[in-house]
Amino acid sequence: MGIKCLANCLLVNLKHNSLPHILAAAVLTATVPIVFGLTSLSAPLSAQPLEMYLPLVGTILMTPTFLPEQNEDILDTIRVRRMSYLGICVMRMIYMCLFATVFFCCIIGALAAGESVVTPALFAGGLCSALFLGGLGIFGSAIGGNSIIGYMASLIYFVGNFFLKKRLGVFYLFALSEGTGVSKLWLLGGTLALIAAAFAYLRYIKKIH
Amino acid sequence: MMLFGKECKRIIFSKIYLLFFAAVFFFSFYTQIWSDLSNDQDSFIKPKPGRDDYGITLIDDPEVLTQESTAQLLNDLINNEFTTYPYGFIHVVHLKGSDKEKLSIILQKLTGFPDPENYVKSNCKIAGTWGDTDEVYTDYEIPELNITDRMSIEDFRALMTEADNILGGGSSYAPDRIDQEFCLGPMSYEQALERYNELIEDDKVTNGYARLFCDYHGIFMVLFPVFLIAVYHSADKRSKMEQLIYTSSISSVRLTLTRFAALVSCMMLPVLFTAVLCNFRVMQFYGAAGLDHFAMIKYSLIWILPTVIAVTGIGMLLMNLIHPIAVVLIQFAAWFFLAMMGPLSGHFGVFDIIIRHNTEYGRSEFMDSLPVFIENRVFFTVLGLVCAFAASFVWDLRRGGKLGGNKMPRKLFARKS
Chain A
224 MGIKCLANCL LVNLKHNSLP HILAAAVLTA TVPIVFGLTS LSAPLSAQPL
274 EMYLPLVGTI LMTPTFLPEQ NEDILDTIRV RRMSYLGICV MRMIYMCLFA
324 TVFFCCIIGA LAAGESVVTP ALFAGGLCSA LFLGGLGIFG SAIGGNSIIG
374 YMASLIYFVG NFFLKKRLGV FYLFALSEGT GVSKLWLLGG TLALIAAAFA
424 YLRYIKKIH
Chain B
375 MMLFGKECKR IIFSKIYLLF FAAVFFFSFY TQIWSDLSND QDSFIKPKPG
425 RDDYGITLID DPEVLTQEST AQLLNDLINN EFTTYPYGFI HVVHLKGSDK
475 EKLSIILQKL TGFPDPENYV KSNCKIAGTW GDTDEVYTDY EIPELNITDR
525 MSIEDFRALM TEADNILGGG SSYAPDRIDQ EFCLGPMSYE QALERYNELI
575 EDDKVTNGYA RLFCDYHGIF MVLFPVFLIA VYHSADKRSK MEQLIYTSSI
625 SSVRLTLTRF AALVSCMMLP VLFTAVLCNF RVMQFYGAAG LDHFAMIKYS
675 LIWILPTVIA VTGIGMLLMN LIHPIAVVLI QFAAWFFLAM MGPLSGHFGV
725 FDIIIRHNTE YGRSEFMDSL PVFIENRVFF TVLGLVCAFA ASFVWDLRRG
775 GKLGGNKMPR KLFARKS
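Residue numbers (the working numbering), protein chains in the order written: chain A, 224 to 432; chain B, 375 to 791.
Some hints here could point you the wrong way.
Unchecked claim - List of simulated lysine-lysine pairs, DSS-like, C-alpha gap at most 30 Å: (1) B:614 with B:578; (2) B:389 with A:388; (3) A:430 with B:611; (4) A:430 with B:389; (5) B:389 with A:389; (6) B:578 with B:383; (7) A:429 with A:238; (8) B:483 with B:499; (9) A:430 with B:614; (10) A:238 with B:672; (11) A:429 with B:614; (12) B:611 with A:238; (13) B:495 with B:483; (14) B:383 with A:429; (15) B:611 with A:429; (16) A:429 with B:389; (17) B:474 with B:499; (18) A:238 with A:430; (19) B:499 with B:470; (20) A:238 with B:614; (21) B:578 with B:611; (22) A:388 with A:227; (23) B:380 with B:776.
Said to hold, decoys possible - With the C-beta cut set under 10 Å, the calculated list includes, among others, these residues of chain B facing chain A: (24) 389; (25) 399; (26) 512; (27) 605; (28) 610; (29) 614; (30) 615; (31) 706; (32) 756; (33) 759; (34) 763.
As the list claims (entries may be wrong) - Pair ranges (Cβ atoms, derived): (35) B:383 with A:416: 57 to 63 Å; (36) A:227 with B:383: 48 to 54 Å; (37) A:343 with B:509: 19 to 25 Å.
These aren't lab readings, by the way, just hints derived from the structure by calculation.
As the structure is a computational prediction, the values presented were derived from the model and not from experiment.
Every residue gets a Cβ at the ideal spot worked out from N, C-alpha and C, and that includes glycine.
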């Protein structure tokens, strides 16, 4: 499988599968300065847009990883191809993570320009929340066999953070805003576990390669 | 009726319905009213005289309202730092140029000082400072302003509304927030007793808790149904039955409305189930005697059913026009801002789909708003039914090949093979 083939696959996926989701995430990012004031914020207040709003780009970008092949006809076509289907899904997931990082960089830049407190921990913490929501979306999509179930899992978990708050323990998404002091590495670990479980389910239970 | 039964069976035995039921039970019931009933043991006991604290309540004292809110506005202006929540999230506003001048003029009218900023800085003591070295907020002790001697409370409220508009809305001075922010005071024994008696005698306990129950369900039942509708809507296509159904003899209106009725009925099941559970939970604390045992069901049908009808109707119509995932995201965004921006109690209009009443008390306030409540619920019921009929019309066009495929925004999401 050559580099040219991979690059071609990446372009096709970007154009036909991921573009609407990237645009939706861009729109969400563009609304951050409208919904939140980004000027003169202290560290806990700077964390609010990064934890309570922007992580939704993780849901929007990562949940549809398996969406195109939800159509069984397309999945059958993909199965006979030489290239690994799950490999393509990993590729989609990686470039969607990169897009999420870019959107976070934009808001970090806007916060810095507005003379708000910005630290690497805020950036990494917000991004971990986004990846965790994305991981939940991927897990829900894989197990439920339907991307809408993935969106449901991810969005309801996000909403749950507003109502259940610290009862969510180490997986509380708004730890930096609320100053709980819990490490965001738990969320990163949770993301990796969810994604690994999703792919393992597809590979070994659903026998998709 | 047979078709209705079949559709209900299809919904109830699906994976997504199990998730929906679990989500409604856990978020709307278990973590909310069940948790409230378990933690708030004080509510079940009749208030006794001589206690230090009976809770807080809104006090009708124009002196307190005018003094406290003007003092806060003055301090905010001196520091040029205004905290607002226009979309439910924090905005720190720093005014410039003409906006700052307009606010100074408002404060001149309120305080009677020709230059309120300089007057306070020169004559008032500093009560405290907050923040780090770069951004210090200085809080001055503002003297008695006696605003009610100079203007009526209506004029005062008009000036505060103007100040809120200058700040972009969502500030502590907004008409729907100013009382909650500056006019809270300790509740007296008599007020606490009256509130308790109202719950026991007028509300027969369960009517009060039914409003709280519906308050929580009302938030989540605007969001959760969209996932169920999306999966249900795409089920025909996924099972490759769509074309077959198009060719069947059943009318579009009958099929769509039957599915709409099945969705609404199935969505109401967890609400009614938790209503029964909630009634038993209240009985555990208050005993069975003297309770209105049908209150939870009655309120669920009057309060939550119109919400479910509206959300289902709108969802079905949108899903016939655009991709279900786009509908999920649009409805989530709409829900997010509606839920974030609204107050916890009161102040709902005819077009507010989420009605908040986050207390088992407050019967008289609720009854005062009853005409608006009825108009509101009728509006959303009619809206939902109109949308369901419109969905059947759109589905009929799709069935006849006049709509769909590449002719719709669906094209945006379509994958070329």
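Discussion item. Does residue 615 of chain B hold up as a contact with chain A if the rule is Cβ-Cβ below 10 Å?
Written reply: violated (13 Å)
Discussion item. For residue 389 of chain B and residue 389 of chain A, compute the direct alpha-carbon distance and say whether it is at most 30 Å.
Written reply: holds (29 Å)
Fill in: Cut-off 10 Å, beta-carbon criterion: hint that residue 605 of chain B touches chain A
holds (5 Å)
Worksheet item: Given residue 389 of chain B as an interface hint, is the shortest Cβ-Cβ distance to chain A below 10 Å?
Response: Holds. Min distance 6 Å.
Discussion item. Check whether the Cα positions of residue 430 of chain A and residue 614 of chain B lie no farther apart than 30 Å.
Written reply: Within the cut-off at roughly 22 Å; holds.
Discussion item. Checking one constraint from the list: CA of residue 238 of chain A to CA of residue 430 of chain A, max 30 Å. Satisfied?
Written reply: holds (28 Å)
Worksheet item: Are the Cα atoms of residue 578 of chain B and residue 611 of chain B separated by 30 Å or less?
Response: Violated, at roughly 50 Å.
Worksheet item: Quick one, are residue 429 of chain A and residue 389 of chain B close enough, alpha carbons at most 30 Å?
Response: OK: residue 429 of chain A and residue 389 of chain B at ~17 Å, within 30 Å.
Worksheet item: For the pair residue 383 of chain B and residue 416 of chain A, does the Cβ-Cβ distance stay inside 57 to 63 Å?
Response: Violated: the Cβ-Cβ distance is about 36 Å, outside 57 to 63 Å.
Item to complete: For the hint on residue 610 of chain B, just tell me whether its beta-carbon gets within less than 10 Å of chain A.
Response: Violated, because the Cβ-Cβ distance from residue 610 of chain B to chain A comes to roughly 13 Å (cut-off 10 Å).
Worksheet entry | Interface hint compliance - residue 512 of chain B to chain A, C-beta minimum distance less than 10 Å | Where the cut-off is 10 Å and the nearest Cβ of chain A is about 15 Å from residue 512 of chain B, the hint is violated.
Fill in: Interface hint outcome for residue 399 of chain B [beta carbon to chain A under 10 Å]
For residue 399 of chain B, the interface hint is violated, since the closest Cβ of chain A sits about 12 Å away, which is over 10 Å.
Checked against the numbered hints given earlier, the structure breaks hints 1, 6, 10, 21, 22, 25, 26, 28, 30, 32, 33, 34 and 35 and satisfies all the rest.
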